[in-house]
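**Student:** For reference, the chains in residue letters:
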Amino acid sequence: MVLANAVEPKQSSSPLLEVSNLTKIFGSGKDQVVAVDEISFEIQPGEILSLLGESGSGKTTTARMLLRLSAPTQGEIFFEGQDVNAVKSVDYWKRVQAIFQDPFSSFNSFYSVHSFLGKAFRLTNNHNSAADKRARMEEAMEKVGLNAEELLFKRPHELSGGQRQRLMLARALLIGPDLLIADEPTSMIDASSRVGILNMLMDLSRQHGMSIMFITHDIGLAYYTSERLLIMNEGKIVEEGTAEQVVEHPTHPYTKRLLDDVPRLRRKWDI
Amino acid sequence: MKNLLKTQDLKAYYRLVDGTDIRAVDGVTLDLRPNEVLGIAGESGCGKSTLASVMSLTHNPPLRVIDGDVTANGSNLLTMPTEQVRQKIKGRYISIVPQGAMNALNPTQRVRNFAIDMLREHFPEMKKDEAIDLAAARIDELGLPRRVLNNYPHELSGGMKQRTTIVLSTLLDPKILIADEPTSALDVSSQKSVISLLLALLKDEIITSIAFITHELPLLRQIATRIAIMYAGKLVELGTMEEIIFEPLHPYTEALMSTMLVPERHVREQRIQSIAGVPPDLKAPPKGCRFHPRCPKRLPVCSTEEPPAKEVGDRTVWCWLMQ
Chain P
1 MVLANAVEPK QSSSPLLEVS NLTKIFGSGK DQVVAVDEIS FEIQPGEILS LLGESGSGKT
61 TTARMLLRLS APTQGEIFFE GQDVNAVKSV DYWKRVQAIF QDPFSSFNSF YSVHSFLGKA
121 FRLTNNHNSA ADKRARMEEA MEKVGLNAEE LLFKRPHELS GGQRQRLMLA RALLIGPDLL
181 IADEPTSMID ASSRVGILNM LMDLSRQHGM SIMFITHDIG LAYYTSERLL IMNEGKIVEE
241 GTAEQVVEHP THPYTKRLLD DVPRLRRKWD I
Chain D
1 MKNLLKTQDL KAYYRLVDGT DIRAVDGVTL DLRPNEVLGI AGESGCGKST LASVMSLTHN
61 PPLRVIDGDV TANGSNLLTM PTEQVRQKIK GRYISIVPQG AMNALNPTQR VRNFAIDMLR
121 EHFPEMKKDE AIDLAAARID ELGLPRRVLN NYPHELSGGM KQRTTIVLST LLDPKILIAD
181 EPTSALDVSS QKSVISLLLA LLKDEIITSI AFITHELPLL RQIATRIAIM YAGKLVELGT
241 MEEIIFEPLH PYTEALMSTM LVPERHVREQ RIQSIAGVPP DLKAPPKGCR FHPRCPKRLP
301 VCSTEEPPAK EVGDRTVWCW LMQ
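As they're listed, the protein sequences go chains P and D. Under our numbering, the final residue of the first sequence carries the number 271; numbering is consecutive throughout. Under our numbering, the final residue of the second sequence carries the number 323; numbering is consecutive throughout.
Take these hints with a grain of salt, some might be off.
To be verified - Computed spacing ranges between beta-carbons, pair by pair:
| # | chain 1 | residue 1 | chain 2 | residue 2 | range |
| --- | --- | --- | --- | --- | --- |
| 1 | P | ARG257 | D | ASN60 | 33 to 43 angstroms |
| 2 | D | ALA104 | P | ASP260 | 27 to 37 angstroms |
| 3 | D | ASN113 | P | GLU227 | 27 to 37 angstroms |
What the hints assert, rightly or not - Only pairs whose alpha carbons sit at most 27 angstroms apart, straight line, appear in this in silico DSSO-like list of lysine-lysine:
| # | chain 1 | residue 1 | chain 2 | residue 2 |
| --- | --- | --- | --- | --- |
| 4 | D | LYS127 | D | LYS6 |
| 5 | D | LYS175 | D | LYS127 |
| 6 | D | LYS127 | P | LYS268 |
| 7 | P | LYS154 | D | LYS88 |
Please keep in mind that the hints were generated in silico from the structure rather than gathered at the bench. By construction, the Cβ of each residue, glycine as well, lies at the ideal position given by its N, Cα and C atoms.
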């Protein structure tokens, strides 16, 4: 189990996840919408990267396909070289987990934190004693900066947005994925706590060799956390490169416009 | 200094059924001057939206004004008869675009019907055609496409809906526009178009001043003249945009500034520290300076006595370190 032993990021040359010509089309005929248009990319083990785009760019549709919550119209996804369609979903979800934008809608409001986290053991086939499970839950909560003693028997409405978001992460850690897909993980959280959550995610990635893909429209977030950025517009990946390259020397007109429109501290808009 | 609107020691609390108060705005003195964009910034729950609703006289129970004044041209708006406020102040002198206003457009009505309703509320004699002409003229002036009047809200993009809402809320040429998070939930490009519209309203002298409420300081860097930083119901620092953004004096302003993630070199050069702890419970805020439990620079006095306002040049700072 990944959670138990901290490892250095693996330095292997084969990608963890490989996406090839992935396409998603909604509707048909003249109402047809190509939400994702033949995109290809790779995620290396232990890597943090961002899929960056505005609303309607197709980034969340891509995330849903990566999570196998939505079937691609065309194209393939390989996990450790294997076509994901050959893997049972449940086994896939042990390796690939997600945290979402709205931490409230991810919870059943009748379940306490304890039963919410307990459900995660279904995926790990952990038949250990209740005491062992409890210890693991507490360990995971501790790791994400939650006080287990105080919160374990609270219900979602008694938690703040930041706490709920951390709890989602604690659940993901119990499962110990190799890839975490974080879809706008901090958009409901204040600027001051946002950095705290991002730092934690970056630390966890380093400690456990877990890859993270941020799905976001927040260029500042992507630039702060990621080694690599993929810029998505109208279903296509229009630019790809290291965070420095893309932000400092954008080449695609769309990326240039996006970077021009981001409010900055050291530059004033020309309007 | 001349001002359009001033709050003096304003206290506005949410009174719960059990009699406890949530002290959302707790002694705020602030003035809005002609020809400026005043940014009001802080974390969620700091009282900035509550302040906006009292400044625009749109507050409703359980929110009550406990103490203090809101004055315009020397008259106290809080004691003015309701009918007079409705006829002369709301929409005519002060207009507010509340948070999420763009989603409040009636989904079953064309935008033009909303404009007609609003104008005839103030001018019952006005004909429908006149109302539409008035709205169309303003839309042309500000460079929006005229078709929005014939559209239903769902036919407009988020940015266009927000711009339409702003145009409609300034149709009666109010002096003051209070905009509460007008750009949150919008893409960066739509954000910029909303900001351009606000600046056009000032430039064309349709409105005189804007109070812009947000938690995004990089946006205020783009449009604000002055910035007020709020924490737990109180102001901690009030100064020019340049002072607040580039030379913050209050430890909270400094911490808040440092957590802003912008795509600029300094963000990647080192690990950014978040502000430890959480904002206090406004039912029972801490004694002394409200930021002291989280403040890295606190002095013994900070936990016992409230810091008085200290003028530093043109700005005001509420911090014991400045004394």
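**Student:** All hints are to be evaluated individually against the structure, with a verdict given for each.
**Tutor:** Now for the hints, and whether the structure bears them out:
Restraint check, P/ARG257 to D/ASN60: a C-beta distance of roughly 42 angstroms satisfies the suggested window 33 to 43 angstroms. Against the hinted window of 27 to 37 angstroms, the Cβ-Cβ separation of D/ALA104 and P/ASP260 comes to about 31 angstroms, which satisfies the hint. The given range of 27 to 37 angstroms is broken by D/ASN113 and P/GLU227, whose C-beta atoms sit roughly 52 angstroms from each other. This hinted pair does not check out: D/LYS127 and D/LYS6 have alpha carbons roughly 36 angstroms apart, beyond 27 angstroms.
Note on D/LYS175 and D/LYS127: the hinted pairing holds, with a Cα-Cα distance of about 25 angstroms set against a maximum of 27 angstroms. Note on D/LYS127 and P/LYS268: the hinted pairing is violated, with a Cα-Cα distance of about 44 angstroms set against a maximum of 27 angstroms. A distance of roughly 50 angstroms separates the Cα atoms of P/LYS154 and D/LYS88; the hinted pair therefore is violated under the 27 angstroms criterion.
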